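> What follows is the residue order along each chain.
Protein chains: 2
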Amino acid sequence: MGVSTTYAAFPGRIVMVGFGSIGQGVLPLILRHLAVPAERITIIEPRNDPTGEAHALGVKLLSLALTPDNYVATLDGLLGPGDFLVNVSFDVSSLALIEFCQQRGVLYVDTCIEPWPGGHTDPGVSPSERSNYAFREAALALRRAHPKGPTAIVNHGANPGLVSHFTKRALLDIAQATGVNAQPESREEWARLAMQLGVKVIHVAERDTQLAAERKLPGEFVNTWSVEAFVGEGCQPAELGWGSHERHFPADGARHGYGCDAAIYLNRPGAATRVRSWTPLEGPYHGFLITHGESISIADFLTVREGDQVRYRPTVHYAYHPCDAAVLSLHELAGKNWQLQPRWRIPREDLIGGRDELGVLLMGHGRGAYWYGSQLSIEETRRLVPYNNATSLQVTISIVAAMAWAIRHPEQGIREPDELDFRAILAMCEPYLGKLAGVYTDWTPLQNRNWPFPEDLDLDDPWQFKNFRVT
Amino acid sequence: MGVSTTYAAFPGRIVMVGFGSIGQGVLPLILRHLAVPAERITIIEPRNDPTGEAHALGVKLLSLALTPDNYVATLDGLLGPGDFLVNVSFDVSSLALIEFCQQRGVLYVDTCIEPWPGGHTDPGVSPSERSNYAFREAALALRRAHPKGPTAIVNHGANPGLVSHFTKRALLDIAQATGVNAQPESREEWARLAMQLGVKVIHVAERDTQLAAERKLPGEFVNTWSVEAFVGEGCQPAELGWGSHERHFPADGARHGYGCDAAIYLNRPGAATRVRSWTPLEGPYHGFLITHGESISIADFLTVREGDQVRYRPTVHYAYHPCDAAVLSLHELAGKNWQLQPRWRIPREDLIGGRDELGVLLMGHGRGAYWYGSQLSIEETRRLVPYNNATSLQVTISIVAAMAWAIRHPEQGIREPDELDFRAILAMCEPYLGKLAGVYTDWTPLQNRNWPFPEDLDLDDPWQFKNFRVT
Ligand SMILES: NC(=O)c1ccc[n+]([C@@H]2O[C@H](COP(=O)([O-])OP(=O)(O)OC[C@H]3O[C@@H](n4cnc5c(N)ncnc54)[C@H](O)[C@@H]3O)[C@@H](O)[C@H]2O)c1
Ligand SMILES: NC(=O)c1ccc[n+]([C@@H]2O[C@H](COP(=O)([O-])OP(=O)(O)OC[C@H]3O[C@@H](n4cnc5c(N)ncnc54)[C@H](O)[C@@H]3O)[C@@H](O)[C@H]2O)c1
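Sequence order for the protein chains is A and B.
For any residue, its number in our numbering is found by taking its place in the first sequence, counting from 1, and adding 20.
For any residue, its number in our numbering is found by taking its place in the second sequence, counting from 1, and adding 20.
Read the hints as simulated data drawn from the structure, not as lab findings.
Here the structure is a predicted model, which is why all the values come from computation and not from measurement.
Please note that a few of the clues may not be correct.
In silico DSS-like links for lysine-lysine, alpha-carbon gap of 27 Å or less [to be verified]:
id: 1; chain 1: A; residue 1: Lys486; chain 2: B; residue 2: Lys486
id: 2; chain 1: A; residue 1: Lys455; chain 2: B; residue 2: Lys356
id: 3; chain 1: B; residue 1: Lys168; chain 2: A; residue 2: Lys356
id: 4; chain 1: A; residue 1: Lys486; chain 2: B; residue 2: Lys356
id: 5; chain 1: A; residue 1: Lys356; chain 2: B; residue 2: Lys455
Construct the complete structure from the given sequences, taking the supplied hints into account.
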């Protein structure tokens, strides 16, 4: 497996919806690894081809925004059975596109279940209804309606996406390190392994240190990937898979009252919710508890049930330390009560340093805490593939791996990352992930606490959510 | 009054304790405005003369740290009746120096009541005992012990300091704008004016946008003034003058149970406490509720009592948006549970732009809210005086004005900024403050609230502290 390997030779047509930071980054990898000539690819993007990349690579671009009214007619003219729809937009309903693909026999991949415009903050619906939990339940309902549909892989970027595979890799590593013999295959076996190891909490622990030459200006939101999608999900309720060991239900928390019940939400924006976490290169840090699909799907996947009872489930959530300019952007955004800045910017060619350190931190087992993930610098990214920064590359290679898997397994219906062959996917991604590091640590969220003020902590169990939360 | 006016001709000797960002900045202004030859000035500073400024200006520097054991002997060798002690250090007890000066007939000024090392976070004492409220009560007790002592002006920088004078200027402006005839002279008259105008809340509303060429690195704290003093006060309890209109006592709040009772504290670091505020150039923002002397002294000064009863008092506190690099530094510091970064930096010559916008925001009166203060850019600072950035200059000119006032009024005992002639002080400072702006706004902390989540607000009175606080 290397940067010149064909991962799967795709004979059909590809439509890519959205040509922003991820669309631009994924295109050269699709061309490189899926043996598709440029003329079989069409991009749908209302903002055109700002960097001239599509033109340079010989890919058609339809300057158009998909809407509830036009998407069926538009896509019908471009896609038929056996073709592929790659959804890397925002403001387009993933569920609408998935249903379209299920009906038409079209393969599908996305990296986030996005709603139509305004769906993240619609004041006309309850916080539960605008949660990723609700979006996922709707996807699961679609799956029940199309049990043998064409393969549609949802939420398969870096996170959600790769991190589900990192979690499995990490579980096996911890098993080995603690002398547990494990060869899990089924969902139940993975869940039982996590329970046996005593994993209580899983963070998606990410620290992005990428730095652009130009500073964030007042009134500007700067991020290393979609500003609009980040602000959208940041204004959704904070969500987390809710572990069976938790004994302090948050005062601002709520259950959904429908669906799998693996996750809860807080009645506040994730972008206003901080948690303590840890990565190998950063050490302890405060991250934002932004809602993400994997917080729910991993928690659900690793749930052990006995009859109707939940016997075991880890707490799972995101602890995101975006790049410094994005931290400042969030601070400004919160100061303006979530009214999005008038200008935004996603640096790529003008990045002057830094890396994206993205992994999973599994806690509470016999070795304390274990981080497994990718440490990818901007310099290495540039050596590997054009049109990417470190953040996008962790996403885009994961999309291409999912596409290759779907091409090879075209009739698997709607799938979450947790339901794919993690070894096959990781093997395709590895050449692009920089250093893959697995690091144990004795860090806990109780380290250096109760100073210089007494705090409300649960000293009997470091791994309680209340100990992680920043109040 | 101008940049070549002698504010007061001082015949004595001057000892300056501390030669950091403020000490370096104030020295050229002392030489310029107080008609003191360099050879009559001595600096005490353990870190020597890093930029060579003292040497260049011909001022002696004693390379020494004052300690509880050596300060009396050291200062006795350098100061006698009629001389001046300028305290711009940290880690030296202001109270110890004030008492020394009261006993020896030495004039005194400082910009913050600092404790001996560790005093901000001493786990052996209660949060109340390490508050600025306690430090101020100790200074007031010293005053009672030395009713006719030499003039000692405490807390006279920009804030605390200048902002007390801005508050009076703003009260008169609002009186004029709302048709109230007012010529307050005494403390009681000022307090009654504030009550009559209906001022419920006063913020020290500051937004610093200064920017260094070099980025903040991981493990580095960058600020436009003392990193150590900022972190020290940031780890003290959040403190605020507690207004008579407040009807929701904070769940984490506490009264001190001794002293003037004008202020309360929160059982948490100010650096972890955010509030909503507003400045003319920034608009709405989140600032840090860092404890400061003025929050207590202004609230106390503007209290109207009838017999034993408090009839009126405004809520007063700081809402500090430090420069972007400091916001990032605070975020990192909090992430490491207040363990100070190993490196720090106070940019000055390498600043490439920005300004310090520092004023008072008076709210709740007939015109809504009114901000009055200084908007000073780094470019204008450089035209005015060397060895300063915009932040230090707002402090250093205020120190020199206080010194001039003390020289002209040498037997006034211990004084707070609120107890000086604000017109005389402002006249001396004005040439150095950039644009002095007075701006009305219809902003309230309820603007754009309850979105995208319902919030716990008091909609009947926008000016309740609970509406300002970020939770
Ligand atoms: N799972 C992950 O790791 C991960 C990481 C990054 C981004 N994402 C997701 O990938 C998607 C794209 O992210 P990005 O960084 O490229 O965002 P981006 O903002 O850079 O680009 C999104 C593009 O979608 C286009 N678009 C908007 N409305 C459209 C419409 N109606 N029809 C067609 N196109 C439309 C926009 O014009 C924009 O160019 C988002 O859903 C984001 O949440 C996932
Ligand atoms: N009121 C205001 O507006 C305002 C604004 C800025 C600073 N300040 C205060 O001014 C003071 C100085 O601030 P700065 O920015 O110059 O700080 P700084 O950290 O730049 O400098 C302080 C200096 O004090 C010296 N020092 C430390 N211990 C000492 C000791 N034992 N004896 C003698 N010197 C010692 C340090 O070596 C350092 O050089 C602090 O108390 C700060 O809180 C007030």
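> Hints first: check each against the structure and report whether it holds.
Each hint, compared with the structure:
no.	hint	result
1	A:Lys486 / B:Lys486	holds, 23 Å
2	A:Lys455 / B:Lys356	holds, 25 Å
3	B:Lys168 / A:Lys356	violated, 50 Å
4	A:Lys486 / B:Lys356	holds, 17 Å
5	A:Lys356 / B:Lys455	holds, 25 Å
The earlier numbered hint that this structure contradicts is number 3, and it is the only one.
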